[in-house]
Amino acid sequence: MKVALSSKGQTIESQLEERFGRSPNFIIYDLGNDSYQAIDNTQILNSAQGAGIQAAENIVNTGVDALISGNVGPKAFRALQAAGIDIYLTRGTTVKKALDDFKKGKLSKAKSNNVDGHWF
Amino acid sequence: MQIAIASGKGGTGKTIVSSNLAYYLNKIGKSVALIDCDVEEPNNHIFYEPTWFADENVNRLVPQVDTIRCTGCEKCAEFCQFGAIVCLKGKVLTFPELCHSCAGCINICPTSALEKTSRKIGEVQLGLKDNLLIVQGMLRVGEAMSPPLIKEVKRHGIGKEIVIIDCPPGTSCPMIQAVKGSDFVLLVTEPTPFGLNDLKLAVETIRELGIPFALCLNRSTIGDEKVWDYCKIENIPIILEIPDDRQIAEAYSQGKLFLEVLPHYEKVFVELLTSLEEIKSC
Amino acid sequence: MLKELVVISGKGGTGKTSIVASLATLIDNKVLADCDVDAADLHLVLNPRILEEYEFRSGKTAYINKEKCTQCKKCLELCRFDAIGDDLIIDKVSCEGCGVCVYFCPLGAIEFKDNLSGHWFISSTTYGPLVHAKLGIAEENSGKLVTLVKSQARKVAMEQNKELILVDGSPGIGCPVIASISGANLVLVVTEPTLSGIHDLERVISLTEHFNIETAVCINKADINYEMTEKILNNCQKQGLPVVGIIPYDNSVTKAQIQGISILDLAPESKTAKEIKKLEKELKLLLN
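Protein chains in written order, with our numbering: chain S, 1 to 120; chain A, 1 to 282; chain G, 1 to 288.
Worth flagging that the hints you see were computed from the coordinates, not collected in a lab. Just so it is clear, the structure is predicted and the values come from calculations on it, not from any experiment. Warning: the hint list may mix true and false statements.
Heads up, simulated DSBU-like pairs for lysine-lysine below, C-alpha to C-alpha not over 35 Å straight-line [unchecked claim]: (1) K271(G) to K255(G); (2) K162(G) to K74(G); (3) K73(G) to K116(A); (4) K200(A) to K60(G); (5) K274(G) to K134(G); (6) K271(G) to K151(A); (7) K200(A) to K74(G); (8) K116(A) to K74(G); (9) K92(G) to K160(A).
Sample of chain A residues lacking proximity to chain S, with all beta carbon distances greater than 12 Å (derived) [said to hold, decoys possible]: (10) Y24; (11) P50; (12) I233.
Glycine included, every Cβ here is placed at the ideal spot set by N, Cα and C.
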């Protein structure tokens with residue numbers, strides 16, 4: 001199983017980024033062999049609208065099964081849901097700690113977007 | 001005659017000019033429509049409290065996916081310039097709030113799996129006060145595309161002798177949509193460095209559109225001479241000057257038309273009309 | 001830790017930029033960012049020296065290549081924005097950059113070119129670095145440019161070890177404002193005691209509340225209408241919003257603008273200058 005985490009930096013020691021669409025990086029963690037890679041999301045940082053949708057496309061293409069982030073807006077939520085990616089929300093932690101919590105089953109699955117999007 | 005009242009940025013007195021000009025023209029017996037195209041923040045009604053007599057929904061075209069016909073070929077998603085369609089793992093998702101209604105996706109789909117459907121973007125409201133027709137648009141909260149609504153709002157002025165259009169501030173699409181098709185543009189600014197800077201942006205935009213225009217100076221007694229100097233060099237007539245008068249600011253703050261409270265100012269509007277006639281005849 | 005203070009106003013013309021310029025003279029160790037990219041005015045009072053200039057590209061526009069065109073008018077029929085005239089010239093102001101004509105032209109006679117939508121700059125001023133931008137005439141996507149200006153200001157702040165980013169935000173309640181306030185530690189809303197001022201203040205506050213950003217209010221030109229000022233004070237109290245500045249209507253603000261200086265330099269002993277100093281202290285308390 002592969003998990004994507006929104007991250008301020010490129011390592012698992014980085015702080016978990018609270019924003020999904022405008023997260024500078026994603027850490028793609030493979031639970032099967034405990035390895036990870038960082039993907040750059042900064043291209044999307046510069047887009048005005050639809051950042052969440054583009055970020056969703058970005059991580060769907062990496063083949064992950066779940067996402068851990070701080071906030072997910074309505075458009076990104078719809079996109080992730082359509083792609084069958086489960087969403088887990090947590091905040092104020094590091095990527096590593098969020099992963100540990102996820103493995104221990106401490107994070108619960110989000111049923112709807114927790115923030116409204118760019119337009120509301 | 002359609003006159004658009006515009007400015008490079010908000011807060012220069014556009015609404016003061018349009019609401020009072022419409023009031024004056026109506027008072028001297030013209031058949032007038034006051035069209036508030038600032039659909040994010042229509043404010044003219046504050047000065048009139050009109051009786052609203054009609055309310056119409058405004059819709060625009062957006063695509064809808066027929067999941068049975070869709071083969072997940074992704075042609076629509078590749079085509080869309082606005083990111084309003086994505087295809088994730090073979091499923092097509094549309095995001096109407098990002099759609100510009102170009103219908104490209106509908107035309108492109110090889111299996112006709114995209115259908116036209118409509119999305120409400122706002123309302124047009126019509127009101128009357130002492131024979132003056134007041135039209136305003138209310139953009140639905142969360143809706144980003146105001147130009148199609150502005151176009152609809154403007155349509156309701158047709159048939160009136162004089163149509164006054166209060167434009168949204170700025171120099172981008174909504175302002176251009178509001179100004180388009182007008183016979184004349186009255187730009188409103190203040191004689192300050194900020195005012196001059198914003199005026200230059202507005203002038204460039206109106207010149208691009210090729211519509212004759214003149215300037216209205218609000219709070220004309222504050223500030224410096226630079227706006228006058230600029231207008232002289234650029235050959236822009238200044239046809240209305242409203243002095244910096246605390247009583248005007250107070251009337252505005254209370255939601256009152258200053259011509260009603262301070263009728264001696266009617267003379268500046270008399271002069272405005274004379275100047276307009278002169279410009280029209282040459 | 002790096003903090004971000006964004007000054008916004010809802011309605012235009014409340015004196016937002018003049019207040020930012022005054023705060024700029026009082027607060028040390030900061031980066032300034034002008035996010036009012038449609039009508040940027042902050043540079044007029046800060047006299048920046050441009051150090052770096054960049055192009056901002058966004059969206060596309062279609063152009064018909066007359067040599068390849070056979071005047072079949074398919075494009076004219078399909079364009080939903082009335083951007084193509086009978087003369088088969090595309091009006092670049094009306095063109096939305098949707099690409100329909102480009103795709104469907106049977107002869108491939110329509111080119112699709114990137115727009116140069118504006119420029120952005122990194123400058124130096126007496127009061128610290130300034131990141132600012134100029135959007136081209138009739139260009140859209142100011143939200144995107146705002147996001148760009150903010151992220152560059154953040155980068156400069158990190159590189160130079162600054163404590164604060166002071167942002168002159170965009171007017172209104174639309175996309176550019178949302179882009180301006182995103183990620184802010186504190187938003188200062190500058191309002192005026194008029195009916196439309198109150199109305200716009202409410203809309204802006206619902207926005208900052210929505211994004212859960214700490215918000216303070218400053219009433220400018222407060223003596224224009226005492227009744228309305230009182231009303232704003234009451235509303236803010238009810239909503240638990242601190243009113244951190246009550247500034248009188250003062251023509252010397254305009255005089256300062258004309259001389260390209262701050263009111264604090266022009267009339268340091270005036271009531272307005274004192275109120276702005278008080279405002280700065282209150283903001284510092286809220287930020288720390």
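A quick look at each hint next to the structure:
no., hint, in the structure
1, K271(G) to K255(G), "holds, 15 Å"
2, K162(G) to K74(G), "violated, 56 Å"
3, K73(G) to K116(A), "holds, 23 Å"
4, K200(A) to K60(G), "holds, 25 Å"
5, K274(G) to K134(G), "holds, 33 Å"
6, K271(G) to K151(A), "violated, 47 Å"
7, K200(A) to K74(G), "violated, 38 Å"
8, K116(A) to K74(G), "holds, 20 Å"
9, K92(G) to K160(A), "holds, 31 Å"
10, Y24, "holds, 38 Å"
11, P50, "holds, 29 Å"
12, I233, "holds, 36 Å"
Hints 2, 6 and 7, counting from the list given before, are not met by this structure.
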